[in-house]
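Enquirer: So the chains spell out like this:
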Amino acid sequence: MNTLVKVLKYQSKDAARSRWLIAYAAFFMLVSEVLLRFSSDPMKVQLSLVSVVLFLVPLVSIVFGTVYLCNAREFIELLLAQPINRRQMYGGLYLGLTLPLVLAFVCGLGTPFLFHGSDAPAYGTLAWLLTAGVVLTCVFTAVASLIAIRCEDRLRGLGAAIGVWMLLTVVYDGFVLFVLAAFSSHPLERATLGLMMANPIDIARVSLLLRFDGAAMMGYTGAVFLDFFGKGYGMALTAAALALWVLLPLTFGMRAFERKDF
Amino acid sequence: MTEPLVRITHLAKAFGSLPVLRSIDLAVRPGRVMAIVGPNGAGKTTLIKSLLGLTHPDAGEIWFGGSGVRGDEAYRARIGYMPQIARYPENLTGAELLAMLKDLRGEGARLDEELIELLDLESALAQPLRVLSGGTRQKVNAVMAFLFSPELLVLDEPTAGLDPLSSRILKDKILAAKASGRTFIVTSHIMNELEELADDVAFMLDGRALFVGTLAELKRITCQKTLERAIATMMRRGVLTEAA
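One line per chain: the protein sequences are A and B, in this order.
Residue numbers are given in my numbering: position 84 of the first sequence equals residue 84, and the series is strictly consecutive.
One gets my numbering by counting positions in the second sequence from 1 and adding 262 to each.
Hints may be right or wrong, so weigh each one.
[Claimed, not checked] Some, not all, of what chain B presents toward chain A, calculated at C-beta under 8 angstroms:
{"#": "1", "residue": "Gly315"}
{"#": "2", "residue": "Ala336"}
{"#": "3", "residue": "Ala339"}
{"#": "4", "residue": "Pro345"}
{"#": "5", "residue": "Arg349"}
{"#": "6", "residue": "Tyr350"}
{"#": "7", "residue": "Glu358"}
{"#": "8", "residue": "Met362"}
Bear in mind the hints are in silico, worked out from the structure with no lab data behind them.
Model, not experiment: these values are computed from the prediction.
Think of the CB as a built atom: it goes at the ideal place given N, C-alpha and C, for glycine as much as any other residue.
One chain only, chain B, in its complex shape:
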């Protein structure tokens, strides 16, 4: 088995007295799409933010490409991030925002601007970000995540707010990037979408990773045919174990 690109061990985080992550262990293998699934407040976004260094975990380690990320920032050059909420400096144009990111990341990375054309963003990028609709900002977000051809792409609710066509284009882009060896971590509440994209699933509930494994395995142990049903079964079981 190949060395995982991301390995998380015993990760824990509490906001005040509220535990958000309770000893999470998971590994993401290169060239695969890992879906992080779970109800609201399960800790998905906190997990992603810990991986990106936005949130400092209380305990546990995160390894990226074999080395620990604590106190490091260079590893983030190998990650593309598509955040959930897209609100940017409102007086800058999209083109300026992209120029800033190119400036910050410096030379070296191979630029992938294919999505600008595919999502028909040329004219929108010339306008200040404040006049763009939520969906259009989400498209700019997607462009930023793919821009530097990163090894790992972290997509938090990538298709939320996108029209069906743009959503289709983005999903095809994800599949194409996966085929060329890129690794993904995706959260979404749309199970059909994850069914199509994901190889592996991490199911989170109340800050715990109750299941980490392949999509096929999840379906097998829950005796369900679709991811949606499998997750529903997991959630019911999770609630039962909580109650017990």
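For reference, chain A alone in the conformation it holds in the complex:
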């Protein structure tokens, strides 16, 4: 455990000073500040921010994560030559990458809301928005770590990272739409729910929109979703699906890391 914390400490110190990360935080700060100036309703601002978060957080987490860890190869070699355990080191590398990203996101997006001030319900939805962003960061840095360990070549790693992101953001939605269109004569509410659960970005999107009374716009499917996500077991299932999206890549990454030849 000790080693994990030490690796985390120095690696996050390094990552936090990266210009890309500072730009990332500044971007979120700028967008929420500008939106807050244009609209007096913080809820509406947050609703606009939902799409930005769902688009940008996975992209930046996976691309920055992969490139950062690929670049850290010689550093990882140096660490491995020290008397430390590979498992703990992997944990330290993952957290050292994730924490600065989480911090940049939360501070960047949250700060303008604090300055402008809002009412209690708006803080509630803000908390949901921030949580969704944090969870997505954790998921996509876990995938990034796996890619970075498996790819020898930086460019291939970058390609794989963008590929996974495209798959989950664009291709998957196309696939869902196709399924919905092809089986439009069948009741598909439950099937859609299942499909949503397989994609972390979709889970985040649906659970967020439901917090913003967006369910009303989604017709009967929306009602089914609202029913599902509002219930205890629905929430538990969502949390479990997201946890799996963090733990699976982490486990595979850890196993690959333990066996890898540097």
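Place chain B on chain A using the hints.
Expert: Frame of chain A; chain B shown alone:
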């Protein structure tokens, strides 16, 4: 004869279908400098990385101080490593990097920071590693290898990229550490340098250790006066045996 500090038996490693190490046997005795010599791609770096646990061998055993290293990590506290390529977290300063290593290794080791002063690194350590020149990073590398006064120092191309003065300082440091009983494994392509430093030589070609023994013995069996000529002779012979 003293018990060897490092003993390697039948070590083999292949990357995919490409064999890099083919049954290597060698022993490094304490208080001596072992030079690993051979052309590019002979398997020198893979051998070193196996010793450090960076690479997992397919077969064979590595013993350090009498016990097998497989599945162990504590033995690495007794080794200092100077890698070939020095690229570190670019936003950290050299001082932070050293602090991290001290943190990771914990208390107990006697710190040897003499090289910081000798190589005049004080001011460079305060800057982020990304702004340092290749040679300066190599100096930071050398400091890290000696930092914990380890029993064994593994130096992969230690003087590559160093100016003559720094190179001289580093070599003197190696000789002084050897005199105080430290053991070294050094790779280099500069034979004159190894001639000065090495007691023993392991000559590698195509993943095999074709010769392991003292420098004097190598010169004797090749009938040559310098290490450079002796190695050249070995390489020619090696090529001939390959062809036969």
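Enquirer: Now tell me if each hint is right for this structure.
Expert: Each hint tested on the structure:
{"no.": "1", "hint": "Gly315", "in the structure": "holds (7 angstroms)"}
{"no.": "2", "hint": "Ala336", "in the structure": "holds (5 angstroms)"}
{"no.": "3", "hint": "Ala339", "in the structure": "holds (4 angstroms)"}
{"no.": "4", "hint": "Pro345", "in the structure": "holds (6 angstroms)"}
{"no.": "5", "hint": "Arg349", "in the structure": "holds (4 angstroms)"}
{"no.": "6", "hint": "Tyr350", "in the structure": "holds (5 angstroms)"}
{"no.": "7", "hint": "Glu358", "in the structure": "holds (7 angstroms)"}
{"no.": "8", "hint": "Met362", "in the structure": "holds (4 angstroms)"}
Comparing the model with each earlier hint shows no violations; every hint is respected.
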